[in-house]
Amino acid sequence: MFNISKLLDEIKSSPYREIIVAAPHTGKIAFAGVEIGARVHGPQGRWKETPGTKLCTLERECNPKPVCAPENGEICQVHRELDGHFVEAGTPLVVLRHMLTRDEVQRIILQKTLYLFPAPERAKYYFTPEADKKIRASDARSVTVHNGMELFIMSRMKREVPLNYTGPDGVIYEVYFKYNKNLDAGSPLVGICPQDHLHIIQNLVMRVQTEWTET
Amino acid sequence: MSDAQPDGILRNHKILVANRGEIAMRIMGACGRLGIPFAAVYTAEDAASGHVSAARGEGGAKSLFRVSSYHDANELMSVADEAGCTAVHPGYGFFAEDFRFARRVTKRDRKMIFIGPSWKIIRELGDKINTKRLARSLGVPTVPGSDRPIYDEMEAERIAKTIFEFQEQQGISHPLVLVKASAGGGGMGIEEVYDPDQFRSVYRRIRNYALRQFKDEGVLIEQRVMNFNHLEVQIVSDRTRMNPVHFGTRNCSIQSTGLQKRIEVAPGFVPEALEYSFDARRVLDDIVAYSLKMARTVGYDNVGTWEWIVTRKGNPYLMEVNTRIQVENGVSARIAQIRGQGGVDLIAEQIRTGLGEPLGYRQEDIGFEGVSIEYRLIAEDPENNFTPWVGRIEGFSWKDAPWLTMLTHVPDRLPYEIPTEFDPNLALAIIYGKDIQEARERGAVFLNSLRLTGRDSAGEPLKSNVAFLKDNTGRILCF
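Residue numbers (our numbering), protein chains in the order written: chain Z, 3 to 217; chain Y, 1231 to 1709.
Since the hints were made in silico from the structure, they are not lab data. Backbone N, C-alpha and C fix where the C-beta goes; we use that ideal spot for every residue, glycine too. Hints are not guaranteed to be accurate.
[As the list claims (entries may be wrong)] PhoX-like mimics (lysine-lysine), calculated; alpha carbons at most 25 Å apart, straight line: (1) 30/Z / 1341/Y; (2) 30/Z / 1244/Y; (3) 180/Z / 114/Z; (4) 67/Z / 1341/Y; (5) 183/Z / 1445/Y; (6) 67/Z / 1491/Y; (7) 135/Z / 1445/Y; (8) 180/Z / 1445/Y; (9) 1244/Y / 1491/Y.
[What the hints assert, rightly or not] If you anchor each label on the Cβ, the simulated ranges turn out as follows: (10) 146/Z / 1688/Y: 47 to 57 Å; (11) 65/Z / 1388/Y: 27 to 37 Å; (12) 1330/Y / 204/Z: 49 to 59 Å.
Build the full structure now, drawing on both the sequences and the hints.
Structure representation (structure tokens):
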């Protein structure tokens, strides 16, 4: 059986993740008053409607776009030498040290417990219209899958082919892909939980929620 | 970069190459020949592409910019401003037929030149439905079917039923209906319907595809003309819009199941070497005359292609107009001569006329000699419905010859990971012969010398459509 205590201890021993905030597009950069060591917060609110701490402004075509902290954390590095310069997309701007949240820890643990159906190719993935309709109406956990079921549409190089699910029967517990975003081969598409294991998964989730303290 | 010094109108221009891969390399090459500096863009997925190394090596001071997407107009504009570009060349695909982009380039505070037809012409002819209406108003024959995008399932079914009945009345034994995404192009989002009972499921599939890929679920429904020849007329005009000329015809009839072109031949028909069940010379004259008539009527002012279907009985129908340079322009250029001089470069002509230079020659100055065949080498599995076959290229070689022009963005330094974000096109091979027989034989020599090795993501040997092309060399011109 899966040892959750051991995994939690492992995560607790190094509960940080380094996040490189890069320029989302080209433009002229102007850093806000952020300093190394300052604490910043990520988007907040029920729907993440309040943006995170502003790190810099990227101006392109006379449109200033604030670049905000994607997560809570502490600033470790600021590329001040770029201040006032035109930068290309993907240029690193700021580095944050982020402490893992309950949800992130839960996601890590679920990835070790659920059956993960991997992407066979680097491609964009969509649910079939039937599954998509159900997910939109309620949520992914309302969709029951079985071996051989046509569940995805794989789109690469503008050509689409249906993709069948292979694996144990169960419900879709987690969805790991986003529409219109490419996913690498081997990355999980969905996490499947057999019906009779649902209570075990729920216990795991409960344990993470109670044992993990966020700072 | 070439040492050529631009003169007159071309002086003081700098071009943003707003595209990738093979076409970006060809635009950069044409800029070099005209002596015009350029700036190029690339995305993270394309960092290893040949066009990136070519731009790095030839573009001069800071001429290469990484952008988040080729589809982001803001991104391209900001790079153009930063690099000091005065014109934008869209290549094909992406923004090439987007009239809003063309309008924005020419109307913004810091105005630039859009190297392509003016935005009003793209708006008028880039829309398949408008084109059809315009053609019908000029007495140009078009494929029977809907003349506007259909959004309603019941209406779509009614139109399909009418087309099926029309074909039955015409005595067609296996009537077929074509369902295609109105906003699509390049053979994407097209499916055939054999059985009227299957129409609804195909319609829904195409509608969903169109919504995902083009953000517009409009669908066109047309008669599928079988056993046809797919012909194109290459038109070139300048900003005076006075005297459009044609650079001959091409035959693009060999396509794979996804209606993607695989082999193109110029000229469109070869009546001196092959037999036809109709008067091929008259058909060629007719489609050229119709295309020029439309070009004159709309005041066409750059490079464009009129696409035609020619039935087995020799009836031509206009399909659409591509208001851009096409992938296969090289075959037309290969056999063309201006005042007896070969080496025509249609992309250079497009840049020159796009920047405002007059054409400088008339139709009677253009001549044609020989036959040219283009093979598209594509990473795909011909045994599996031509699905893209991506992975890593470890070896890619062929035997050079004076009659061969190889256009590829696969870099010299291998291995090369084929990005999945774009078309799986690897290379274009243009073969020239003094007649069809010689071109065919040389084509077979080229294909036999071609070596492509590598692995797909599952570790299987990499495939390409070369096997398909080889199998078909005996019937390259199946008209």
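Taking the hints in turn, this is what the structure says about them:
For the suggested pair residue 30/Z and residue 1341/Y, the alpha carbons sit about 20 Å apart, so the restraint of at most 25 Å is met. This hinted pair checks out: residue 30/Z and residue 1244/Y have alpha carbons roughly 21 Å apart, not beyond 25 Å. With a CA separation close to 20 Å, the supplied pair residue 180/Z and residue 114/Z stays within the 25 Å bound. For the hint pairing residue 67/Z with residue 1341/Y, the CA-to-CA distance comes to about 23 Å; that is within 25 Å, so the pair holds.
With a C-alpha separation of about 15 Å, the suggested pairing of residue 183/Z with residue 1445/Y holds against the 25 Å cut-off. At roughly 42 Å between alpha-carbon atoms, residue 67/Z and residue 1491/Y are farther apart than 25 Å, so this suggested pair is violated. Annotation: proposed proximity of residue 135/Z to residue 1445/Y holds, straight-line Cα distance about 18 Å (limit 25 Å). Restraint check for residue 180/Z and residue 1445/Y: the C-alpha separation of about 17 Å stays at or below 25 Å, so the hint holds.
A distance of roughly 33 Å separates the Cα atoms of residue 1244/Y and residue 1491/Y; the hinted pair therefore is violated under the 25 Å criterion. Residue 146/Z and residue 1688/Y have their C-beta atoms about 29 Å apart, which leaves the hinted 47 to 57 Å range violated. Hint check: residue 65/Z to residue 1388/Y, Cβ distance near 46 Å, so the stated range 27 to 37 Å is violated. Checked against the hint of 49 to 59 Å, the pair residue 1330/Y and residue 204/Z passes, with Cβ atoms roughly 50 Å apart.
The earlier numbered hints that this structure contradicts are 6, 9, 10 and 11.
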